[in-house]
Amino acid sequence: MTPHTRAFKSNARTALADPQLAKALAGLPGGLVAQRAAAKARVPEFEQLRDAAREIRDHTLAHLDLYLEGFVAKAETAGSRVHWAADAAEARAIIARLAQERGARLIAKGKSMVSEEIALNQHLESLGIGVFESDLGEYLLQLRGETPSHIIAPAIHLSQDQVEADFRHHHAHLDPKRNLETPEALVAEARAVLRERFLAADIGITGANFLVAETGSAVIVTNEGNGDLSAQLPKTHIVLAAIDKVVPTLSDLATLLRVLARSATGQDMTAYTSLLTGPKAPGDRDGPEECHIVIVDNGRTEMLKSGLREALRCIRCGACLNHCPIYNAIGGHAYGWVYSGPIGAVLTPAFLGTEEAHDLPSASTFCGKCEEVCPVKIPLTRLMRGWREKWLASPAARRERSLVAIWAFFAKRPRLYHIAARLGVAALGALGRTRGAFHWLPFAGGWTSRRDFPAPQGRTFQQLWTEHQRGVPDEH
Amino acid sequence: MSTERIIERVRAALGVSNRTDNVRQRAVAERFSHPPSYPRPAFARLDGNARNTRMISCLEAHGTQVIDIDNVGAVPQSVEACLRQYTPRPHLTMADDPQLSSLAWPVSLKPELWHGEPLGDGHAALTHAYAGVAETGTLVLSSGPESPPLLAFLPELHIVALSRDTIVSSFEDAFTLLSAHTAPGRFPRAINLVSGASRTGDIGGRIVKGAHGPRRLAVIIYGPPT
Chain A
1 MTPHTRAFKS NARTALADPQ LAKALAGLPG GLVAQRAAAK ARVPEFEQLR
51 DAAREIRDHT LAHLDLYLEG FVAKAETAGS RVHWAADAAE ARAIIARLAQ
101 ERGARLIAKG KSMVSEEIAL NQHLESLGIG VFESDLGEYL LQLRGETPSH
151 IIAPAIHLSQ DQVEADFRHH HAHLDPKRNL ETPEALVAEA RAVLRERFLA
201 ADIGITGANF LVAETGSAVI VTNEGNGDLS AQLPKTHIVL AAIDKVVPTL
251 SDLATLLRVL ARSATGQDMT AYTSLLTGPK APGDRDGPEE CHIVIVDNGR
301 TEMLKSGLRE ALRCIRCGAC LNHCPIYNAI GGHAYGWVYS GPIGAVLTPA
351 FLGTEEAHDL PSASTFCGKC EEVCPVKIPL TRLMRGWREK WLASPAARRE
401 RSLVAIWAFF AKRPRLYHIA ARLGVAALGA LGRTRGAFHW LPFAGGWTSR
451 RDFPAPQGRT FQQLWTEHQR GVPDEH
Chain B
477 MSTERIIERV RAALGVSNRT DNVRQRAVAE RFSHPPSYPR PAFARLDGNA
527 RNTRMISCLE AHGTQVIDID NVGAVPQSVE ACLRQYTPRP HLTMADDPQL
577 SSLAWPVSLK PELWHGEPLG DGHAALTHAY AGVAETGTLV LSSGPESPPL
627 LAFLPELHIV ALSRDTIVSS FEDAFTLLSA HTAPGRFPRA INLVSGASRT
677 GDIGGRIVKG AHGPRRLAVI IYGPPT
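Protein sequences appear in the order of chains A and B.
Under our numbering, the first residue of the first sequence carries the number 1, and numbering increases by one thereafter.
Under our numbering, the first residue of the second sequence carries the number 477, and numbering increases by one thereafter.
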């Protein structure tokens with residue numbers, strides 16, 4: 001997707017002024033946050049599981065080359081074809097070629113954050129290949145031309161009324177008088193509309209939550225079952241996953257599954273977790289004839305060496321978003337790219353550069369709640385602070401902070417500061433004498449947008465204080 | 477990009493030189509041959525009656541109907557009882573599972589054999605679970621001609637027969653069982669871990685069942701009590 005991270009500050013202002021968004025986000029504390037707390041409370045050993053999960057991710061990343069080799073060997077033995085993509089463009093080209101070679105006209109897509117990273121849908125559509133998102137939340141966004149605002153609840157910003165209006169508009173072939181007042185009715189309609197498309201799809205594309213090196217399996221975790229229909233119904237299944245998704249063994253997978261759903265939705269397990277290993281076997285009545293796995297780097301090897309390795313532990317549960325006071329206030333779209341919340345503030349500068357994304361790690365209260373709930377204990381505040389320091393040391397940041405530098409020059413020299421303040425206050429006093437207040441002042445828009453700035457009475461506080469101490473009667 | 481080039485990139489990023497690095501290779505080989513045993517929650521280490529009870533309570537906790545019987549011979553009646561709850565009564569389909577097929581099905585109930593046709597609303601499918609995982613009330617379905625994965629996703633009602641003696645305590649135990657029963661390098665094409673009916677929270681944050689997969693899930697646990 002096209003980033004608009006540079007506009008973070010104005011995005012955030014717009015988001016803060018959006019009552020519908022505020023209403024949607026107000027559901028988080030009593031929803032996903034409370035559900036996670038309840039799920040954690042049911043597992044006295046949860047802290048030990050988090051430590052184990054972190055250890056698994058660290059061990060895997062430290063041996064990533066070897067586990068990737070192991071995964072490829074097993075996946076190919078099972079009959080999958082593995083493709084490598086260095087960046088977004090290569091990944092798009094590989095998938096487009098696979099689709100074109102098969103004459104595909106319609107692609108069923110499961111939820112995949114990597115596909116958002118590489119802007120896959122737009123590319124396929126530009127080649128005349130139809131793509132439909134099958135995760136219900138993603139489908140709602142596709143109808144609206146929007147992007148996900150949350151990793152696991154992509155349409156969290158939408159209201160039921162908006163969904164109803166979109167369905168009436170886009171499902172124009174259905175009876176205009178039909179009842180769509182309940183979430184049940186809306187879900188049933190989407191189910192029926194999408195089921196038809198599933199049956200017509202030539203290719204299914206899904207992401208993967210994990211790639212298991214021991215067996216060559218792609219693991220898909222969903223609640224809707226859309227990933228499984230995407231994987232099992234069409235003739236060709238394409239898995240799109242990043243290099244950091246690999247886990248060594250099924251036993252490691254067991255531990256990671258124990259923390260994933262509990263951290264994400266507060267479920268002990270989601271409805272469906274599927275381990276998919278190669279195309280259909282002899283005698284099978286269903287399953288894809290071909291299975292392709294596209295493994296994408298797209299900047300991750302850079303992160304591996306640049307002090308961001310810990311961020312690659314991430315298993316995309318979204319808990320850090322749910323618990324973040326900034327995310328709770330502005331939602332995901334303000335972040336301006338694929339990933340939002342604390343993990344977005346850490347990942348986005350790595351993908352887009354600090355020039356584009358430096359505002360994200362700066363927009364943090366550093367309350368540390370994100371680290372407290374992260375199932376793999378990513379030191380999110382330290383990583384955000386690292387980006388801040390990196391940005392502040394850059395020439396661009398120094399230019400941006402030149403006004404602060406001028407202020408600092410005077411602040412370090414009290415005598416000069418007092419002279420400047422006296423001049424400034426006297427000037428403002430003279431200018432504002434007639435009206436008594438300013439409706440607008442340069443560099444003080446933040447104040448004057450909501451209230452007037454009273455004109456100073458001609459003397460600084462320090463002057464008044466000195467006079468008061470000397471016993472000179474106050475004018476007021 | 478070739479496998480070699482991407483692996484080289486990863487190695488360069490990790491600051492490791494080449495494949496002669498025996499310490500790292502040994503660590504990985506060791507991990508495959510002896511996966512570490514991480515702490516398992518106490519509820520993933522149950523056996524006997526406690527395990528059976530955990531399985532049933534977890535199934536019910538995620539909204540799955542549980543029918544508990546002693547004898548596999550009573551499976552057809554249990555299926556009948558399950559179907560009777562719905563009007564119109566769903567059409568029953570199943571794959572050619574040898575054990576389920578060999579049961580004494582009354583003519584009126586005999587399931588149709590599935591040959592790959594699309595199923596949807598108004599359909600029920602009966603499948604045979606490979607195992608059950610008590611820690612979360614999860615059904616382990618292993619794909620094959622007698623157990624097609626789509627039967628767990630296409631119909632409106634999914635009924636699963638689960639033998640009590642295949643209920644294990646943890647995911648690790650289920651995976652060990654699977655690995656032991658498959659030839660090396662031939663892991664089942666699809667393992668579906670099913671923990672409840674299909675659901676979504678994408679509209680207004682409220683959970684609605686039957687997003688894409690079955691609206692309802694029922695489990696018939698058969699076998700003598702533990």
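Calculated directly from the structure, the hints in this document are not laboratory data.
The beta-carbon is built from N, C-alpha and C at its ideal position, and this holds for glycine as well.
There's no promise every hint is true.
[Claimed, not checked] Below, a list of computed lysine-lysine pairs in the DSBU-like style, where the Cα atoms sit at most 30 Å apart:
| id | chain 1 | residue 1 | chain 2 | residue 2 |
| --- | --- | --- | --- | --- |
| 1 | A | Lys-369 | A | Lys-9 |
| 2 | A | Lys-177 | B | Lys-586 |
| 3 | A | Lys-377 | A | Lys-9 |
| 4 | B | Lys-586 | A | Lys-40 |
| 5 | A | Lys-390 | A | Lys-412 |
| 6 | A | Lys-9 | B | Lys-685 |
| 7 | A | Lys-23 | B | Lys-685 |
[Claimed, not checked] Short derived list, chain A residues pointing at chain B, Cβ under 10 Å:
| id | residue |
| --- | --- |
| 8 | Leu-28 |
| 9 | Gln-142 |
| 10 | Thr-273 |
| 11 | Arg-285 |
| 12 | Trp-465 |
Results for each hint:
The straight-line distance between the Cα atoms of A:Lys-369 and A:Lys-9 is roughly 22 Å, inside the 30 Å bound, and the hint therefore holds. Proximity of A:Lys-177 to B:Lys-586 is assessed by CA-CA distance (about 40 Å); at most 30 Å being required, the pair is judged violated. Under the criterion of a C-alpha separation no larger than 30 Å, the hint pairing A:Lys-377 with A:Lys-9 is consistent with the structure, at around 28 Å. A threshold of 30 Å between alpha carbons decides the hint, and for B:Lys-586 with A:Lys-40 the separation of about 45 Å lies outside it, so the pair is violated.
Our distance criterion of 30 Å between C-alpha atoms is met by A:Lys-390 and A:Lys-412, whose separation comes to about 25 Å. Restraint check: the Cα-Cα separation between A:Lys-9 and B:Lys-685 comes to about 39 Å, which exceeds 30 Å; the hinted pair is violated. Distance hint between A:Lys-23 and B:Lys-685 is fulfilled; the C-alpha atoms sit about 24 Å from each other, no more than 30 Å. The interface hint given for A:Leu-28 holds, since its Cβ lies 9 Å from the closest Cβ of chain B, which is under the 10 Å cut-off.
Below 10 Å, beta-carbon pairs count as interface contacts, and A:Gln-142 has none with chain B, the closest being about 12 Å; its hint is therefore violated. Hint on A:Thr-273 holds. Least Cβ distance to chain B is approximately 4 Å, under the 10 Å limit. Because the smallest distance between the Cβ of A:Arg-285 and any Cβ of chain B comes to about 5 Å, under 10 Å, the interface hint for this residue holds. Taking 10 Å as the C-beta cut-off, the interface hint given for A:Trp-465 is violated, the closest approach to chain B being about 55 Å.
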